[in-house]
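Generate coordinates for the entire structure from the input sequences, incorporating the hints supplied.
Spelled out from the first residue to the last, the chains are:
2 protein chains.
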Amino acid sequence: MAAVLRHRGEAMPVQIKKLEENDISVTKKPSPLSWVSYLVIASMAIGIKSWQPLAIASAKQEDGSYNFSKGTMVLMCEITKLLICIPIFLYSYYTTTDPSKRFAMMNLSFQDSLRYMIPAILYGASNTLVYFGLSYINPALFHVLGNIRIITAGILYRIIMKQKQTDLQWLALMFLTIGAILASPDASKSDLLGESSKALLGLFFITTMCLISTSSSIYTELFFKKGQDISIWYQNLVLYMYGIFVNGFYLLFTEHESLNANGFFYGWDWSAIHVLVAQSLMGVILSFVFKYLGNIVYVISLTVSMVITAVFSIIFFEFQCTLTFICAVMVVTGAIYLYYRMKILDHYKIDERNFSF
Amino acid sequence: MAAVLRHRGEAMPVQIKKLEENDISVTKKPSPLSWVSYLVIASMAIGIKSWQPLAIASAKQEDGSYNFSKGTMVLMCEITKLLICIPIFLYSYYTTTDPSKRFAMMNLSFQDSLRYMIPAILYGASNTLVYFGLSYINPALFHVLGNIRIITAGILYRIIMKQKQTDLQWLALMFLTIGAILASPDASKSDLLGESSKALLGLFFITTMCLISTSSSIYTELFFKKGQDISIWYQNLVLYMYGIFVNGFYLLFTEHESLNANGFFYGWDWSAIHVLVAQSLMGVILSFVFKYLGNIVYVISLTVSMVITAVFSIIFFEFQCTLTFICAVMVVTGAIYLYYRMKILDHYKIDERNFSF
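Chains as they are written, first to last, in the UniProt record's numbering: chain G, 1 to 357; chain W, 1 to 357.
Check each hint, because a few of them may be wrong.
Since copy identity is lost for identical chains, a pair holds within one copy or between any two.
Said to hold, decoys possible - Straight-line alpha carbon distances no greater than 30 Å define the calculated BS3-like cross-link-like pairs of lysine-lysine that follow:
id	residue 1	residue 2
1	Lys225	Lys164
2	Lys349	Lys70
3	Lys343	Lys60
4	Lys349	Lys164
5	Lys101	Lys226
Please keep in mind that the hints were generated in silico from the structure rather than gathered at the bench.
The model shown is predicted, which means the values in this text are computed figures rather than measured ones.
Below is the structure:
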């Protein structure tokens, strides 16, 4: 109701303005999710995240490049996600929603909707930074160190979402970062001192990139949760439309020459379609993760799916099962227990001061 | 007093027997140690444990063997430790101890003293198992997996000393084991699946060896702490005399032929003396660790000194500083915080339920 008042006019009585602030802070909190829904969303995120790298790997050429342009892939993903959301939104609007509640499910002012552009811009910026970073540090090490996004997620969550964490949860995020780094197949190959001259600059770029790309996810979470009553499909519609706008602009700016010469779909084949489907589905599932769970759950799911992918690689592609990998899996498991320890103890009504065995 | 009564005769009134049990359970608890003494003992253990591998490495031949026999080294260490303890005990007996307290400082019945043979026998047994283990698994992997002694120390502490630990302390021991494994220079070289046929048997031998050698340390701790009022120098005298007895017997049994042929000190040089001094000093310091701190503190010190040795090797011997090693150091640090967390929070009077930032 407060949001309705807001975009009718600027001059509002103080009384109502206060109500609006309250209203937002209330709707900001996610509605309590059942354990089942929680696990279903997290499992879907883990599943799709385990599938995605396999799709990307199968599209990769031997020299590590792709036949298709990355810019057109990003734009096509935004378009596909929009095409997925439109029918679902329309169906829920006309069929499953009571007419009296239809207004609430798309109650987003134009000014508020403009904020949805922030994640798209940040996402583009972090993609650009990758190119700078890769000129200072080798791709394997770059990929491995990208896992510091786990700890930056915690830091930015504290800054943007103002959510404090216990000492054990911070420790858990540190352990999770380490576990993810150790589980990366390239971790043991990288000698840090070997390229110390450039490593610091590379590390700076990676950290900046992680900060920017994580900000993008956390702002998505913030805006999606702020409009808790708005339909997630409507929020996605708006997000993807801005995404198409920003990425289309970015593509024209960076690749207009090759697009003119080769056409939009140059280099696309079935493996590209495979990537498109995996990325688009992931985008839609991520919107659920951000609206109903959050970015910390997201980085935890990310790590779990990385471990699952590695286990699959060991079983089906005969990768080596090293001692380091086994240690990494145990560190990740321990970190997840540490992060959810308070919830687990509360759930089983265990007094932590006497929890010894 | 109870112990005095005990070796006077078998038939004791029930009243006194009860008193004795109480007495033992009271003296079992170590007298509260100041933080300074705690840190001094732990630091000395860390220092000597960081020195020891360097001494051993300098005595090692290129093919990994030693010029001297291991059996004579073990026996000579026991003799050297005894020679260190005798003058110190005599000095403290005649000079620094009040005559009325002299009886208490060596109040150990012959029957009780016999128990001191248990650690020596277990120690010999675990040394023998090493040879079996090494025929199933390569020395590098054997050395790396030897770190599971950290977690077996926790398990045996629970069984022998009946000391419970919190979930976080168990988790800390798991993380510490992993950190120690990852910090071992040979960890990344070992491919587990590569020798899976023999690996399970090797793992079985390593686990058994760790269980036996850790039992040896924990029994030492148990007996030393039970006689809390007895002088540690007297306890050491007894322990080392039994050690000389058991190891001398063991040496005659296993190496009498080569001893007859080559003589006792065959292959001894200055590097052997170096090892002898390091090992003997370590033995004496360990007795303080066991009597006043305990086996968990010991395995933690062990891991810290391993990290210190590795850092020295990186600085002075130009070892590679790998990403895995940096991760290992962070895991070890996090594990130590986790293990002492409750003590730290209590010390700073922090309420753990509200400890978020």
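**OP:** Since the copies are identical, ignore which copy is meant and state whether lysine 101 and lysine 226 lie within 30 Å (CA to CA) inside a copy, between copies, both or neither.
**Re:** within (18 Å within a copy, 75 Å between copies)
Original post:
Under a CA distance limit of 30 Å, which applies to lysine 349 and lysine 164: within one copy, between copies, both, or neither?
Top reply: both (23 Å within a copy, 20 Å between copies)
**OP:** With 30 Å as the alpha-carbon cut-off, assign the pair lysine 349 and lysine 70 to within, between, both or neither.
**Re:** Neither way: lysine 349 and lysine 70 sit 50 Å apart in one copy and 54 Å across, limit 30 Å.
**OP:** Indicate which option fits the pair lysine 225, lysine 164 if close means a Cα-Cα distance not exceeding 30 Å: within, between, both or neither.
**Re:** Classified as within: same-chain Cα gap 17 Å, cross-chain 44 Å, threshold 30 Å.
Subject >> Alpha-carbon proximity between lysine 343 and lysine 60, which holds within one copy, between copies, both or neither at 30 Å >> reply: Classified as neither: same-chain Cα gap 41 Å, cross-chain 52 Å, threshold 30 Å.
Taken one by one, the earlier hints fail for this structure at numbers 2, 3, listed in ascending order.
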